[in-house]
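Undergrad: Since chain X is already given, all that's left is putting chain R on it; use the hints.
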Amino acid sequence: MDYGHSERPPGAVALPTAIKILVAGGFGVGKTTLVGAVSETRPLRTEEVLTESGVGIDDLSGVETKRTTTVAMDFGRITISDDLVLYLFGTPGQDRFWFVWDELALGAIGAVVLADTRRLADCFPSIDYFEGRGTPFLVAVNCFEGARQYRLDEVQAALNLDPEVPVLLCDARQRESAKEVLITMVEHAMKVRDARRRGVE
Amino acid sequence: MTVQGESADHQWVDDHAGPVVRPYAVTGGRARPVTGTFDLISLVMATRTDVSPEIGLGPEHLAIVGLCQRMQSVAEIAAHLDLPVGTVRVLLGDLVARNLVQIREPQSTLGVPDHSIFEAVINGLRAL
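Protein chains in written order, with our numbering: chain X, 63 to 263; chain R, 7 to 134.
What the hints contain is simulated information worked out from the structure, not anything from laboratory work.
There could be a bad hint or two in this list.
Stretches of chain R that chain X covers, calculated by requiring three or more beta carbons in the stretch to come under 8 Å of a beta carbon on chain X [to be verified]: (1) 40-48; (2) 82-90.
Partial selection, computed: residues in chain X whose CB lies under 10 Å from chain R [what the hints assert, rightly or not]: (3) A76; (4) P78; (5) R107; (6) E109; (7) T141; (8) I142; (9) L148; (10) I171; (11) R237; (12) D256; (13) A257.
Heads up, the beta-carbon is just placed ideally off N, CA and C, and yes, glycines get one too.
Chain X with its partners taken away, still in its complex shape:
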């Protein structure tokens, strides 16, 4: 059936702009859970076609409850206002997807690095990446049941973080906790930006 072409009146649609925040961390650390806790839709998944063959397989020790492999980016959306839409992207949880990270990190406000104290080393690559790129980031320790609780200064020391980098505890399943993490990250990004400006002037 053909209804013919119906054109919208020109100039009638002013599209908002979009911005993004990244959620990084090791495999099974709760990136998609955090995205889902604040997203207005259930997290969606996009896939890039990988031309390389999968190198290595996921190491599931310590994350026995997660069965699927994240080979793609999970993301969510938060409509901030009529003019602004925020996207949250969970970065692929495996090192072989670095080439996707570069695209994701471009223009991002900043990043949340989720850490699991049972497998703290899993977030080292994310931290190295954002430090190297100069992307503002914080570390949010996802409090898994059954995991030993560490003090934040212990985590800070174990990760050898710059003292400026915020470290906080969170429960990625809880909306309020996820909100706090994101707000803290944006506030930190503002501070980083101001400090860089002062450095330039």
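TA: Below, chain R without anything else, positioned relative to chain X:
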């Protein structure tokens, strides 16, 4: 391995087998869009409420126009149509070239002179 009670045609065509049509075929073998770069969070809106099939437009093009009656990001289009992002970019290039969609490139906070976007995001998150 064979599946009992199904014809040979359907035997391999399940979700585990992946897409029946390779992504490359959807784009006619093209890896890059004719125009535009299309960031993952570029926002896309159809310029028309309805597009009839025409030469050079495949069902995936029409599906994008249908989906983008409401604003969608490139990533959302890829997710909803279950197509790789690279394929969606090529299809969007075709649609832009025909003025069937309008695109809003994402905001980069680098070029913004003040904190307005950061503050808007903080306030928006607080209001959730």
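Undergrad: Please flag the earlier hints that this structure goes against, numbers listed from lowest up.
TA: 13
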